[in-house]
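Asker: Spelled out, the chains give:
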Amino acid sequence: MYRTSLKFCLMIATVALAAMLAGVWLAEIYRQHDSRAMLLPDRVMTLFPEPKPLTAFALTDDKNRVFDLASLKGKWSFLFFGFTHCPDVCPTTLAVLARTRDIIARNKVGADNIQFVFISVDPYRDTAGKLRQYVEHFDTSFVGVTGDNAQIGNLAAQLGATYQVAITPGLENYPVYHTTAVFLVDPRARSHAVFTPPHDAEAISRRFKVLRELAAGNAT
Amino acid sequence: MRWRDRVFVCLISALSVVPAASEEAGVSVRDAWIRETPPGMTMLAGYMKMRNNTSRSQFLVAASSSGFESVMIHRTILKDGMAGMVHLSQIELAPNGSLNFAPGGYHLMLMTPKRTLRAGEPVVINLKFRGGLVIPIAFEVRK
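Chains A and B are the protein sequences, given in the same order. Residue numbering for the first sequence follows the working numbering, beginning at 382 and increasing consecutively. Residue numbering for the second sequence follows the working numbering, beginning at 390 and increasing consecutively.
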């Protein structure tokens, strides 16, 4: 009887010890592979297994310069589709992106090779001057971009964004619908990841930091 | 009456007036703010936390402000994966319930500000409830 319970106790102790060791081992694995563990699909970001190269498009920036495929090369780009007559979603998202940029800028690698692009789907009301005034309120480095409907549609379709501008004759404040996701394009102008709302600056910058490190590791 | 008693009477009457007023109001609002936008922008949004302190439903039916050409009750909705806005003619506050106007959801759409609003400034918006009650609320402009 005593022997059985002693055996049982030993067995329990062994199992407990094994569990503890497994825990320590898992914690260590997690620490080492922290970066990869963070890139599992989650509610903040969807990472494409194969980044998708974008093809030619032609838009105009807020200083009336060409903004095309070449403008996306050589730096990371955060793209957001919206319009300046948008009182809720757009200012909220741009404020989050401004904070995201601040956090990334404080990082060792910095924010020099990153651009934040606000693409207006409402070119009828959003002239270059208006766009400039709008985006620089959030961050002076932000770029406002728009163009003709076909070209906005071209880039939107490539990224998986949708929008709808319901111009109504006689109605000044016509409704505009647009995707609220933020698209991340890598320095080779490939669609790399999508951030899904509700957006959070800490969450986005944390994931971006890991992505950039991984991309730098792959490149070397 | 000694002055101490006089103060006491004043306090009592003041106390009896304040609860009567807020009970009549029935709705309390806190954390009311407007997001600062670039100068020249015609659309802004106002957010707040509302609480119905009564045991019957209250209905916010309109809002107005001398600081804007018009104010509307709006809600951001998702339609086919896209965000858009709908205008609401009224919002019900459940008995003893709370309702938050927050980014990405309910908001007051503030159209055509009469002056440029800077962070830190207050703007009064009058909230109108069914039954004729109007509550003026100071919204703070924030970055």
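Just to be clear, a hint being listed does not mean it is correct.
Facing chain B, from chain A, some residues (calculated, C-beta under 10 Å) [said to hold, decoys possible]: (1) Ser-386; (2) Cys-390; (3) Cys-467; (4) Pro-472; (5) Asn-530; (6) Gln-532; (7) Asn-535; (8) Gln-539; (9) Ile-548; (10) Thr-549; (11) His-559; (12) Ala-562; (13) Pro-579.
Each pair of labels, with its calculated beta carbon distance range [said to hold, decoys possible]: (14) Arg-419/B / Asn-445/A: 40 to 48 Å; (15) Lys-532/B / Ala-403/A: 45 to 53 Å; (16) Ser-444/B / Leu-595/A: 52 to 60 Å.
If you are wondering where the hints come from, they were derived from the structure by calculation, not from laboratory data. Built from N, CA and C at the ideal position, the CB exists for glycine as well.
Asker: None of the hints should be skipped; say for each whether it holds.
Answerer: Okay, the hints, checked on the actual structure:
At its closest, the beta carbon of Ser-386/A sits 57 Å from a beta carbon of chain B; the interface hint therefore is violated under the 10 Å criterion. Look at Cys-390/A: its Cβ only gets to about 54 Å from chain B, farther than 10 Å, so that hint breaks. The restraint placing Cys-467/A at the interface with chain B holds, with a minimum CB-CB distance near 7 Å, inside the 10 Å limit. For the restraint placing Pro-472/A at the interface with chain B, the shortest Cβ-Cβ distance is roughly 5 Å, inside the 10 Å limit, so the hint holds.
With 10 Å as the threshold, the beta carbon of Asn-530/A stays out of range of chain B, its nearest partner Cβ sitting at about 16 Å, so the hint is violated. At a threshold of 10 Å, the smallest CB-CB gap from Gln-532/A to chain B is about 19 Å, leaving the interface hint violated. Interface restraint check: Asn-535/A against chain B, minimum CB-CB distance 18 Å, threshold 10 Å, status violated. Given the 10 Å rule on beta carbons, the hint for Gln-539/A is violated: about 16 Å separates it from the nearest Cβ of chain B.
Hint status for Ile-548/A: violated, given a least beta-carbon distance of 14 Å to chain B, over 10 Å. Hint status for Thr-549/A relative to chain B: violated, with the closest Cβ pair at about 14 Å, above 10 Å. For the restraint placing His-559/A at the interface with chain B, the shortest Cβ-Cβ distance is roughly 6 Å, inside the 10 Å limit, so the hint holds. Hint status for Ala-562/A relative to chain B: holds, with the closest Cβ pair at about 9 Å, below 10 Å.
Interface hint at Pro-579/A: satisfied, since its Cβ lies 6 Å from the closest Cβ of chain B, which is below the 10 Å cut-off. Checked against the hint of 40 to 48 Å, the C-beta distance between Arg-419/B and Asn-445/A comes to roughly 45 Å, which is consistent with it. Restraint check, Lys-532/B to Ala-403/A: a C-beta distance of roughly 48 Å satisfies the suggested window 45 to 53 Å. Distance hint check for Ser-444/B and Leu-595/A: the Cβ-Cβ separation is about 57 Å, which falls inside the suggested range of 52 to 60 Å.
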